[in-house]
Amino acid sequence: MTITVPQTNKQPSEKLQPTGWLRYLSFSLDHKVIGIQYLICGFIFYLIGGALASAIRIELTSPVSDFMARDVYNQVLTLHGTIMIFLWIVPVVNGAFGNYLIPFYVGARDMAFPRLNAVAFWLIPPAGLMLITSYFINGAAQSGWTAYPPLSITTPAAGQIIWIISVLLLGGSSIFGGINFIVTILKLRRPGLQLMQLPMYCWAMLGTSILVVLSTPVLAGTLILLSFDIVAHTGFFNPALGGNVIVYQHLFWFYSHPAVYIMVLPAFGLVSEILPVHCRKPLFGYTTMVYSIMAIVVLGLVVWAHHMFTSGTPPWMRLFFTIATSFIAVPTGIKFFNWVATLWGGRISLNSAVLFSCGFIINFVLGGITGIALAQVPFDIHVHDTYFVVAHFHYVVYGGSVFVIFSSIYHWYPKFTGKMLNENLGRFHFLITFIGFNLCFGPQHWLGMNGMPRRVAEYDPQFTFVNQLSSVGALLMALSTLPFLWNIFQSALKGPIAGDNPWQGLTPEWLTSSPPPVENWKGEAPLVSKPYGYGVNKEESTMESVDDAQGDNNS
Amino acid sequence: MPSPSAIFILILSVALIAGGIWAGQNINLLPIDASINAPIYDELFKVLFSIGTILFLGILGLVIYSLIRFRRRPGQVGDGLAIEGNLPLEILWTAVPAVVILFVGLYSYDIYDRMGGMQPLAHNGHHQMEKTEERIWGGIGSGTIDSSTGDAIAPLPVDVTAMQFAFLFHYPQGDIISGELHVPVGQPVTMKMESKDVIHAFWVPEFRLKQDVIPGQPTIMNFTPTKPGRYPIICAELCGPYHGGMRSTVVVEESKDYQAWYSKNAKPTSSETSDV
Ligand code: HEM
Ligand SMILES: [Cu+2]
Ligand SMILES: [Cu+2]
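Residue numbers (this note's numbering), protein chains in the order written: chain A, 1237 to 1791; chain B, 4 to 279.
Since the hints were made in silico from the structure, they are not lab data. Warning: the hint list may mix true and false statements.
Lysine to aspartate or glutamate pairs mimicking DMTMM-like chemistry, simulated, CA-CA at most 20 Å apart [as the list claims (entries may be wrong)]:
no., chain 1, residue 1, chain 2, residue 2
1, B, K270, B, E197
2, A, K1423, A, D1346
3, B, K199, A, D1346
4, B, K259, B, E197
5, A, K1766, B, E87
6, B, K230, B, E183
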């Protein structure tokens, strides 16, 4: 059978449709415009961060430091990490898709605080520009994205201070966004919409925003103290003045471990939206998914010291953090089994969105397995701060979050633009990315175990071949963005018209025009009580699931 | 009576588990083991590698199988099965990973204990008086050799100083200062490490050991080398532009070679300076 979705807004009113690309450069208060602003801005930084990554991989094709000066290498490394985390993944998985989708999902016409929302976005471009221009003025920060003192106190101050200011701005942006999401999800729900009827991405964003609001202020405080140490010569973290460098690490990771969930929980949510639509099946185990997100949030707050197993932590602390970290695998595992079960018995369209989502599952499982290994103190003591860790976190951050971002772009592009992407080009993009990614980061596990530390510009010549292999993978990854970009631009101009609901989705963003009008719906917001009501035996309930006849809506 | 497909699934699972165990036992990805705790580490590695292989190939297989078996064929319309969940199944895949994690945790605790991780961190041999004064934080391992291997051998104390971008090794016995770490095979070594500037880390991949070397906060690391040879000492914590070049060598020697090196470099107890 085919499901039929009542589509009330077939004819978007001309008056409600905002026009002109200039609105993307404006202080727009429309959550959809802000979402796209986050996405495009994030992607530009992704390209910059990617160029920096290419520079790193070129340097590492030979075992000696010959491509750039050593201190420049450390600056490039620091910028790469900071840009990818704070200007690409965090803003895109949270800000871009969160802003675009959450108001639809709760049945609202915008976010709770539209002006705060615009402020949150407009903090990002200046912060990013500042960070990048610091390279051209006095040299960028060169103490890594972790900025451990005393290195960060002793390297040139100008770059480090600019780094701190820009991370503070980005952290502020993230906190504003987090508050906005929590309030929107809890308070702007359309009457009649129960919490347990929300699409999974709402739960993911609720959990993530709780983490953002609880942990980002700690990072901000820590960096402010660090800046005092640098400019005012206080001694919080400076051992020469009686400070303690380990305290910085505790505070830093108290934020930065949750930060990894801030990067990946929203991605979990997005996958949970994408798979059911293209598998034509309900999301498997909705309730366990919700509880596992919340379990990850709670556990994620008490595992930070697994980044400090070699810092001279007392044995009891090592044990506690090993156990807490290992147990995160249980709720995480539940989600993966649930996604596989969602695939099982479906009618899966093998399109680009599904391929990238399944690529994510495969990559992330590997990253999770190495994560569990790293959580074991005796294991970590050998591979900490080596290329093994580099491999682990790229498997979860790139193989996880970035794959999901691509999947999401393929999935929601028709909604964003009203045009379809070229699927063959998309599948080609997936193939090159998947091969390039695994070729780049797979061999790095071996490098780390066999003696290559991370963050080095020169290394033991015995590792030359494997590093070159990795660089070839990086080259493939760089090339893979070309078909993607071509596809995006070409389809925006010449792509076939998508229609309102090309994937026959049931979640509310599909029940309006593509692109949606200002304030999202022409009439009332639909009440979607079964966002995953797909499936053959369920004709009646599918019909019931969209019921836009009752209730008032709150905008 | 079990259906043919059930038997097939059973065979596949057994093959997967056997394959994982085989891979753990036979695929060696680590460098040679040259300290007492390296083989213990490798034991843990094998178990984790087996579990990881089984899990990874299992999920990979399931995903690829589902994508092929349940793909939408041309001309097909309509939905998949309306399965919203299955509580027993979900309990199963909560319980099984929990048990596996519990096993991994207990096992790695045991490994950690055997490596000496749970022994009180005493820096045997010297600085007895300072011990109560200073906060000394620990790496791994005790200064005394595992009693099961025979009589306790007195550990060799070494003071390690790290700085941008070198390690210095000071032997209190004999007052030797060296840029290379010389140690006799089979004797436990106990190192007290401190950094002069930024954080560094002392790593010997063949020993499977690493410990940060921190300014203002001495740390301790103990190990017992088991195979003569020259192994790299690598700084593993970003410490500045020449971080990648911050390396040294640990020379594990037979007792008599070590004695020869020692007597050549040791200072006569009361004289002023001699060759360093
Ligand atoms: C199964 C879940 C996971 C576990 C058990 C886990 C465990 C660990 C451990 C123990 C480390 C420290 C390794 C070391 O430095 O020696 C680590 C590093 C790291 N992990 Fe994970 N991890 C998991 C998932 C993730 C996820 C989902 C992300 C991000 C999306 C992530 C990102 C990172 C990053 C960025 C680092 C390195 C940070 C740095 O030193 O620069 N991990 N992980
Ligand atoms: Cu972590
Ligand atoms: Cu160093």
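So, going through the hints one by one against the coordinates:
1. B/K270 / B/E197: Violated, at roughly 23 Å.
2. A/K1423 / A/D1346: holds (12 Å)
3. B/K199 / A/D1346: violated (56 Å)
4. B/K259 / B/E197: Not satisfied, since the Cα-Cα distance of roughly 30 Å exceeds 20 Å.
5. A/K1766 / B/E87: Holds, at roughly 11 Å.
6. B/K230 / B/E183: With a Cα-Cα distance of about 17 Å, the restraint between B/K230 and B/E183 holds, given a limit of 20 Å.
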